[in-house]
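Visitor: Okay, here's what each chain looks like letter by letter:
There are 2 protein chains.
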Amino acid sequence: MIGENFSEFLPLHTMELKNDLFLRAHRGEAIERYPVWLMRQAGRILPEYRAVRAKLSGFKELVETPEFAAEVTIQPVDILDVDAAIIFSDILVVPEAMGLTYQMIEQKGPWFEKTIRTREQLSFLDQEIDVQERLSYVFEALKLTKKELAGRVPLIGFAGAPWTILCYMVEGRGSKTFSESRKLLYTDPDLAHELLSRITDVTIQYLKAQLNAGADALQLFDSWAGILGREQYTEFGLKYISKIVDAIPHVPLTVFSKGAIASLPDLTELNCSTLGLDWNMNVVETRKMVGETKTLQGNLDPCVLYGSQKLVELETIKLLKSFESQRHIVNLGHGVYPDIDPEKVKVFIKTVKNYEI
Amino acid sequence: MIGENFSEFLPLHTMELKNDLFLRAHRGEAIERYPVWLMRQAGRILPEYRAVRAKLSGFKELVETPEFAAEVTIQPVDILDVDAAIIFSDILVVPEAMGLTYQMIEQKGPWFEKTIRTREQLSFLDQEIDVQERLSYVFEALKLTKKELAGRVPLIGFAGAPWTILCYMVEGRGSKTFSESRKLLYTDPDLAHELLSRITDVTIQYLKAQLNAGADALQLFDSWAGILGREQYTEFGLKYISKIVDAIPHVPLTVFSKGAIASLPDLTELNCSTLGLDWNMNVVETRKMVGETKTLQGNLDPCVLYGSQKLVELETIKLLKSFESQRHIVNLGHGVYPDIDPEKVKVFIKTVKNYEI
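In order, the protein sequence lines correspond to chains E and S. Mapping to our numbering: the first sequence position 264 is 264, numbers consecutive. Position in the second sequence (first residue = 1) + 357 = our numbering.
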């Protein structure tokens, strides 16, 4: 349980923050106003990001070059005035560190040459992975970012949840149904569990190393949670998320299981500080389930930002009014879409900041 | 309300059915065993379908040629021994009849040259549509099928629900987020309502004409229901489904709103005989909500059919045991995936048929 003595476990560097609203909201401490940031805030939405990206050979060069990753991580802090930075990276660095390299194909998304669908294909994965060395570029990016942020706002590290990472390792690309991954749960559940266990082990090491490199908080993204029913998500999703959360106690950690509406009662049982809600999840109902034991993060429909300034204000205030306690971090219910006007994002952020708690 | 006098409203042709289990289950009448069929049973899963398809120029030729459409509609009745046939067609014939032609691109899915994203683009749509003439190939296919089925099993007609059709008309293709469609709900809700109203009008005409051509029952597919939150689905989805259902009373009609877990309480309020459940929806919980006022259709995870014969039997029996009344039609929770072994489908069907109620 995250209790009153929570702050004594925090790494020293978090003590020097000028704006620690985000961390206080995670811990359920008093806040003057709700903190706000956006998933995918470091990304194509900003012209300044696109300018950096245009200089490089591709998405992966940006992910793998600490100077550039740090630069785009800080951009939304400077430009949008968000209350937290999230390190620019990709959840697929974990399967790559495990032995499956990927390409990011323009307009198409990720593509893995090798996939794991049989026990024999487990041999594609390396044993004894030195996470510190293989993902050193992420840790370097965190250190650089931390230094350049100079305590302005907290820095979030992240990873994909094991189920979502398994989906990419099995499917080798995005999919509408992820039927190859779901097939494995029926044809060879032991193999699925073996793969999930290996991903979990690497992810725990990875997240701990992110904390050591300067991350003040963590988020687990389970993008494909919603394709499993409640029972299967408990067995193949939450079991491993729970292992990760339990291995990294006393750290502000958000679990974002997109689409897992049916599993919300189970998610409230996790030992994490915060649950991320997608735009289809109901704040009031989730608060009833979770009580005051957790912070809720989210969940404005990202499409609201396509609307007029007036609409953005109205919908943001409607969301804020649905909050019955201080345990909230404001965000969208999904990553910001790349064609959103940054001015609308500023209206969203300003509306949250001007709202009296 | 569908009451005891339901049968007096049925068209005469349904009286001559040799196997009317499916219709009796819709009406909540006594059944000896649960009826069973599969969404997408007339399709790529069967080698016999692929043989017909290989002779033709493409998917649309199959949809538009009544002889071939009838042939593949009947194949699963002959080969798989299902308790209902569903006419081979596509939900996109409706937007096409309204003025937006589409292509079905191999490995990619549907593609519309013109899309409706502005009020001006409404001019792409025809006024005064003669549904009877424009979709005559569907009605011909129904008549032919009906004749060739010779009363063996009931014949299902179908259409896409207005929200899903709007998604294709706005997006012009499939999408992961359907953000263009969701954007419209914020930027120009009046245009969205105008488009939904027009789709609804055509759909009502279309479904009535399908009944006249021999359909014994109907199904509305709302494939993208799950991308809207409960409130928006009520306004932009259920409102129009409700209009359709109310315009076609006393007919066995299934509403299948895939992914709309949060909206299940609202779905139970519709005046339709049956709700389709996807594999993530819980049968027992939905039964509690709906009581005995409706039949539930579904909802085996289609990925179960990738498993062993033993697994298919076990999971099917587990599903059957979760039924607390006779008001059930057995189906998958999604269309059967094209690479499933038809032998596994036969095990599924046999297991349902051998199960003592």
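Accuracy of the hints is not assured; some may be wrong.
As the list claims (entries may be wrong) - Calculated cross-link-like contacts (lysine to aspartate or glutamate; reagent style DMTMM-like; alpha-carbon spacing at most 20 Å): (1) Lys675/S with Glu231/E; (2) Lys471/S with Asp545/S; (3) Lys675/S with Glu292/E.
The hints are simulated quantities; they were obtained by calculation from the structure and are not laboratory data.
Visitor: Verify the proposed pairing of Lys675/S with Glu231/E, using a straight-line Cα cut of 20 Å.
Guide: Holds, at about 13 Å.
Visitor: Need the status of pair Lys675/S, Glu292/E: alpha-carbon distance at most 20 Å?
Guide: Distance of about 37 Å is beyond 20 Å: violated.
Visitor: Given the hint that Lys471/S pairs with Asp545/S, test it: the Cα-Cα distance must not exceed 20 Å.
Guide: Given pair Lys471/S, Asp545/S holds - Cα atoms ~19 Å apart, limit 20 Å.
Checked against the numbered hints above, the structure violates only hint 3.
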